[in-house]
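Use the sequences and the hints to build the structure in full.
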Amino acid sequence: DGGITQSPKYLFRKEGQNVTLSCEQNLNHDAMYWYRQDPGQGLRLIYYSQIVNDFQKGDIAEGYSVSREKKESFPLTVTSAQKNPTAFYLCASSPGPGEPQHFGDGTRLSIL
Amino acid sequence: AQSVTQLDSQVPVFEEAPVELRCNYSSSVSVYLFWYVQYPNQGLQLLLKYLSGSTLVESINGFEAEFNKSQTSFHLRKPSVHISDTAEYFCAVTSGGYNKLIFGAGTRLAVHP
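Protein sequences appear in the order of chains A and B.
So the number in our numbering is just where the residue sits in the first sequence, counting from 1, plus 81.
So the number in our numbering is just where the residue sits in the second sequence, counting from 1, plus 279.
Just so you know, the hints here were simulated from the structure itself, not pulled from any lab data.
Possibly wrong hints are sitting among the right ones.
Computed Cβ-Cβ distance ranges for the label pairs, DEER-style [stated by the list, open to error]:
| no. | chain 1 | residue 1 | chain 2 | residue 2 | range |
| --- | --- | --- | --- | --- | --- |
| 1 | B | SER282 | A | VAL133 | 28 to 36 Å |
| 2 | B | SER307 | A | GLU143 | 26 to 34 Å |
| 3 | B | ASN340 | A | THR86 | 22 to 30 Å |
| 4 | B | PRO319 | A | SER88 | 16 to 24 Å |
| 5 | A | THR160 | B | ASN347 | 21 to 29 Å |
| 6 | A | ASN107 | B | VAL308 | 32 to 40 Å |
| 7 | A | LYS151 | B | PRO358 | 39 to 47 Å |
| 8 | A | ILE192 | B | GLN321 | 16 to 24 Å |
| 9 | A | ASN99 | B | GLN321 | 21 to 29 Å |
| 10 | B | SER359 | A | LYS138 | 27 to 35 Å |
For every residue, glycine included, the Cβ atom is placed at its ideal position computed from N, Cα and C.
The structure is reproduced here in structure tokens:
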């Protein structure tokens, strides 16, 4: 079945550590997105990519980095510069303009 | 800039009662509108979408939403809810391009027996 796979489901970060969240899709979608979800705030866009080797900052990109070396993969790195990383992170993909986004099941990141 | 307001953060309702979850948006251009549902510790699932055409859109599980351009609203309704409808519901808007979605803060629907 086609879909989006996020791993791991739960992740713990130590102070000063960078961690990478994986997102893989087999839907052959061009566009991919990373969102952060905090209680009562809905989803906020971190980064998005419309095509391989290209990506743009979203509304809350500070302290995060991404890469898009393959169409299927869009990993997100939470760097030590992100001072409040505890949240639920969601990856999504879309085939193109005007089409709905498809979401993975998320990664919950916590601080040790 | 676009924005989405979901007027109720929580909506408690009894099973088999009707429900309406309200969503208003602001945008100076034509929009596409979506409702997503999220169950605990899961991602978002598309419930229904308005892209163009008929202003009343329906989902396969009995929800419907009506696009009202003059009131800039896209309220979600269901005539009779089930316990299994308990979840968080998000309204979202985009003006197209590569689909940069703007989400509302969400409405938590709690269906009680």
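Each hint tested on the structure:
1. For B/SER282 and A/VAL133, the hinted distance range of 28 to 36 Å is satisfied, since their beta carbons lie about 31 Å from each other.
2. At about 28 Å, the CB distance of B/SER307 to A/GLU143 agrees with the hint of 26 to 34 Å.
3. For the pair B/ASN340 and A/THR86, the beta carbons lie near 25 Å from each other, so the given range of 22 to 30 Å is met.
4. Distance hint check: the CB atoms of B/PRO319 and A/SER88 are about 19 Å apart, consistent with the given range 16 to 24 Å.
5. One distance hint, 21 to 29 Å for the beta-carbon pair A/THR160 and B/ASN347, is violated here, with the actual separation near 43 Å.
6. Take A/ASN107 and B/VAL308: their Cβ atoms lie about 33 Å apart, and the range 32 to 40 Å holds.
7. For the pair A/LYS151 and B/PRO358, the beta carbons lie near 46 Å from each other, so the given range of 39 to 47 Å is met.
8. Between A/ILE192 and B/GLN321 the beta carbon distance is about 23 Å. The supplied range of 16 to 24 Å therefore holds.
9. A hinted range of 21 to 29 Å for the beta carbons of A/ASN99 and B/GLN321 is consistent with their spacing of about 27 Å.
10. Between B/SER359 and A/LYS138 the CB atoms are about 44 Å apart, so this pair departs from the stated range of 27 to 35 Å.
Of the numbered hints listed earlier, those contradicted by the structure are 5 and 10.
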